[in-house]
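With the hints as your guide, set chain B onto chain A.
The listed protein sequences derive, respectively, from chains A and B. Quick note on numbering: the UniProt record's numbering labels position 43 of the first sequence as 43, and the sequence is numbered without any gaps. Quick note on numbering: the UniProt record's numbering labels position 133 of the second sequence as 133, and the sequence is numbered without any gaps.
I should point out that these hints are in silico values taken from the structure, not numbers from a laboratory. The beta carbon of each residue, even a glycine, is placed where N, CA and C say it ideally should be. Treat the hints with care, as some may be off.
To be verified - Derived CB-CB ranges, DEER-like:
| # | chain 1 | residue 1 | chain 2 | residue 2 | range |
| --- | --- | --- | --- | --- | --- |
| 1 | A | G35 | B | P11 | 26 to 32 Å |
| 2 | A | A33 | B | D49 | 17 to 23 Å |
| 3 | A | A47 | B | E14 | 24 to 30 Å |
| 4 | A | S120 | B | E14 | 23 to 29 Å |
| 5 | B | V117 | A | E124 | 41 to 47 Å |
| 6 | B | E109 | A | G35 | 55 to 61 Å |
| 7 | B | P11 | A | E115 | 36 to 42 Å |
| 8 | A | G166 | B | E14 | 22 to 28 Å |
| 9 | A | H126 | B | E14 | 34 to 40 Å |
| 10 | A | G35 | B | D98 | 47 to 53 Å |
| 11 | B | E29 | A | F168 | 37 to 43 Å |
| 12 | B | G156 | A | G166 | 30 to 36 Å |
| 13 | A | S39 | B | H126 | 39 to 45 Å |
| 14 | B | A80 | A | E115 | 43 to 49 Å |
Protein chains: 2
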Amino acid sequence: MPLSIYDASIPVFERALRNLDAILTKAEEHAAANGIDLSELAAARLAPDMFPLTGQIQSASDSAKFAAARLTGTTGPSFADTETTFEELHARIAKTLDYLASVDRAGFEGAETREIVQKSRRGERHFVGQAYLLTFALPNFFFHVTTAYDILRHKGVPVGKSDYLGAF
Amino acid sequence: MPLSIYDASIPVFERALRNLDAILTKAEEHAAANGIDLSELAAARLAPDMFPLTGQIQSASDSAKFAAARLTGTTGPSFADTETTFEELHARIAKTLDYLASVDRAGFEGAETREIVQKSRRGERHFVGQAYLLTFALPNFFFHVTTAYDILRHKGVPVGKSDYLGAF
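In isolation and in its complexed conformation, chain A is listed as follows (with noise of 0.2 Å):
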């Protein structure tokens, strides 16, 4: 049996961003024992212009919510990226995960051609379904879940690749 957009979609973004959640809270722990400011490591960053952990984890949950939504022709929520603590973080990425579960599995029939157009600061970029997943919003979702990982890793947070990975 070939794999399924969605198999290739909802049930990877929805993993990957149950073990960013376990993340923070080990960052959360690691805060407290250590008495480090939880708002120091939240807008903690990699380099001047990037985004900061915030950020991170704001533009995963968008990728995902993004991906779910243009693979099956639907609008997703509207998250106002306002989140400045740990709490509101963990309250994204659990808003998040609602909708992702709430996607219906046949709603993604036809998505592997389906039309996608998305529009950006630099303009407008047509996909088909399956190159829009594959080149597109699965990169894009890893590269901030990883981003967000790395930045508690630098700053000093003890996770390791079996956090990011979750258990098997």
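Relative to the frame of chain A, chain B by itself:
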């Protein structure tokens, strides 16, 4: 037409590795223009117990190579992980791409349900092919590609998300 395991692996790895190769070239140009020692970039890391740039690229190469071999039930080439220079890193990416190009699409027949045993320091993990690709191989591959990018961004190399995602 649903996705094939081939489509969700080999071309995805190839695209990201080509983008990574171009990012290395931009890093070399930046170093040359700013009097930065390339060996400093090659050895840079985000945390003392994380792999440096060289190790991230070796791991990205290995993630792709092992996925291709395991999903087709074959054995890939052995790479010695001795790269220290940018020239050697480009060569590592090139030989990984050569190997990926040599992997026949027909070898992926039945890959979804192929039993895959992965041995690591922690013991054995058993997967079927689809779960291996989606829960391990793709997340792990993008982890190392993104972290290589993040190291270079952290060191001031002027690359952006469009370099990571590549041309559309």
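* Against the earlier hints, flag every one the structure doesn't satisfy and list their numbers going up. => Result: hints 1, 7, 9 break, sorted rising.
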